[in-house]
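> What follows is each chain in one-letter form.
Number of protein chains: 2
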Amino acid sequence: MTGQLRINGERLWARLMAMGEIGATPAGGCNRQALTDEDKAGRDLFVKWCREAGCKIRVDAIGNVFARRSGTDESLPPVITGSHLDTQPTGGKFDGIYGVLAGLEVIETLNDHDVETLHPIEAVVWTNEEGCRFDTAMMGSAVWAGAMPLQDAYALTDRDNKTVAEELTRIDYQGTHTAYFGPVKAAFEAHIEQGPILEAEQKTVGVVTGVQHMSRHRIVIEGKETHAGPTPMSIRQDPMLALADFLPRLYAMAEQHAPDARLTFGYIHTLPGSSNTVPGQLELTVDIRHPQKAAYDAMIAGYQEYVQQACDERGTPVSMECFWEAPGVEFNADCVNAVRKAVATTGYDSMEIVSGAGHDACNVAAVVPTGMIFIPCKDGLSHNEAESAEPEHVEAGCNVLLHAILERAE
Amino acid sequence: MTGQLRINGERLWARLMAMGEIGATPAGGCNRQALTDEDKAGRDLFVKWCREAGCKIRVDAIGNVFARRSGTDESLPPVITGSHLDTQPTGGKFDGIYGVLAGLEVIETLNDHDVETLHPIEAVVWTNEEGCRFDTAMMGSAVWAGAMPLQDAYALTDRDNKTVAEELTRIDYQGTHTAYFGPVKAAFEAHIEQGPILEAEQKTVGVVTGVQHMSRHRIVIEGKETHAGPTPMSIRQDPMLALADFLPRLYAMAEQHAPDARLTFGYIHTLPGSSNTVPGQLELTVDIRHPQKAAYDAMIAGYQEYVQQACDERGTPVSMECFWEAPGVEFNADCVNAVRKAVATTGYDSMEIVSGAGHDACNVAAVVPTGMIFIPCKDGLSHNEAESAEPEHVEAGCNVLLHAILERAE
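Chains as they are written, first to last, in the working numbering: chain X, 27 to 436; chain C, 27 to 436.
Among these hints, one or two may not hold up.
Identical copies go unnamed one by one, so any copy, or any two together, can satisfy a pair.
Claimed, not checked - Here are the simulated DSS-like pairs of lysine-lysine, each with C-alpha atoms no more than 30 Å apart in a straight line: (1) K188 x K367; (2) K82 x K66; (3) K319 x K66; (4) K250 x K66; (5) K319 x K250; (6) K367 x K319.
To be clear, the hints were calculated from the coordinates, so they are not data collected in a lab.
The task is simple: from the sequences and hints, build the whole structure.
Structure follows, in structure tokens:
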């Protein structure tokens, strides 16, 4: 019965700490940016551990690393699991790294207990997820999934005008394998949540059902500058009055699409900004997110309708512009179910959750069946040297990953 | 029958233009700031005209000038009417000056037609109404009404550190009479509206019933900076959500107190002002005005209640501060009625109106029965070299002033 199988939490934790030494910052974080000497050292250490675990290493043309444990039928597509080893300049020890080392730990555990699987299992390192040195986040997985041409990725430059291609060659991670996905049975990524929900709900594991659709919009409303005293309300052209109309309607719309809807008015500004003058212009931004496409589309349509309607009624000309958009992801039902079953098998307190941020799994999910597993992180902090996760959560998430992979790899 | 009596519109207009030559600016406005050589020249011209009209001149200790036409009973209190001759640095030809010269024109008209009045009539020039060279607006009338100590006014300095006392002496307008009101039967001030209402309503004369109560308030709401993606709406501390609650309630409150209520949100700002971060702080200002004390007080109470309630409900700590307040004025019923009757006598299109700005009449009204008359000004512009009024409106307002004074002076 593999249901009793558990990973070695101490080994996984020790490897996280060992990896954290590479590019360690004085404040306890990591600076291991993509394709630097530190990234090479991290990759080398990972490859060494994988080889010691009996894996075959394959590196593709964009530097993605695949560490393969054979299945009993090598003609079958593998179950892959991974994340990234690169960090932000003032990043932490867990973001990405956890998902990579959890994949290796699953392989180690299967080895320890002589468990064979029908399908091969591969632990993966995706190149340049952070996009801070070379300005395209989730680059390696994007190339692999066909979302970004290889040559475009190669041509990206850092501040010293070094290209991705040059730096891949320099650190010896420009592999000979095609950077393009082949048949894959299932993909999983374990990750810290990078948000406060699991901690607030005191859950150990999050079953990630998808990633939000998200976009950001700029609203500019024209008013007419008039004196606060003599000008009657009835003849004003007051953009704040239009705001008073649509702001509660938009929040009510988010309520209709609760609990997954996200609506954020981060920036708001009036011109001329004088306390006794009706604003001549009001500018604000709205960030709109929802994991389900239909609900997201309804929110976008509602936003446009309510703002336009309020501004029409108040006689305040308005312009609306979407200045950033990222499509959402709904993870594969079989993979999400595999995670659900794994949670049931291991007995951890869990909840279903939607990712508020992007991950390599978003690119992967576009081409192969994919799922994700979240564990809590302290105060929801990430991209921060103070990023922190509890050893028992690290262990729990990896146990869930183990059983989700076992379910799919048979 | 004095009901047929009309002022000489051409003489009044000619005097307005003549006064406008003193301190004339290239753009057609006036720069005749308080207690400058130009102010002295303007005062001298006014005094000369008044002496030619047979008036006795009295100057008080703060430089207010009273030009008196005797009544048939000199023991009775006078009816006084006036405004100011000083202007903004880039002021116009009408703001203040109109009220002063209209007073003189009433006296000239009574002389022309040998009309005697029971009560004396005085045309008044109030010192330093604009408060731009010496930073206290409506200074002369404030001292006269006991609202400002004479020595405080004397001690005010301009940018060159010259005091009001020095400059009054220098231009020879520090009079020997006490700068303190005595018995007055009634006071009137004719003025351009300095707002757009009469023009919009196509009215020739405004019967001014009062001056708004007004105050400005700063609202600071504390939020919690959180990421727009992962943080559920239900656990956010979002000051914009509190705003969505109270903004429409405040506008609805202004609607309840329409048409005289004024509510203006001129300044609004978020910190950190990032489109994908829930604001950590929201600051905005609200300017609240109403001519009736009860309605004004209700609006202030409503503002405080609705903002506090919304912020309590949304868990966003709030601080509210009143950083400026000016009490309103309800003009004397007898004086307002005298203006109403004068409008009926002269037959001009008129409307009742509330002043959005302060005037010498506000100080005067605190101690003697007072009324005001407005005439339209182009585009509501004032404190601007483009300030403009039509000759027929100038004439109409002065005819109304004539009959209001006649009614009170018997």
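> It remains to establish, for every hint, whether it holds in the given structure.
Going down the list of hints, with the structure as the test:
{"no.": "1", "hint": "K188 x K367", "in the structure": "neither (46 Å within a copy, 87 Å between copies)"}
{"no.": "2", "hint": "K82 x K66", "in the structure": "within (18 Å within a copy, 100 Å between copies)"}
{"no.": "3", "hint": "K319 x K66", "in the structure": "neither (39 Å within a copy, 75 Å between copies)"}
{"no.": "4", "hint": "K250 x K66", "in the structure": "neither (59 Å within a copy, 39 Å between copies)"}
{"no.": "5", "hint": "K319 x K250", "in the structure": "between (38 Å within a copy, 28 Å between copies)"}
{"no.": "6", "hint": "K367 x K319", "in the structure": "within (26 Å within a copy, 69 Å between copies)"}
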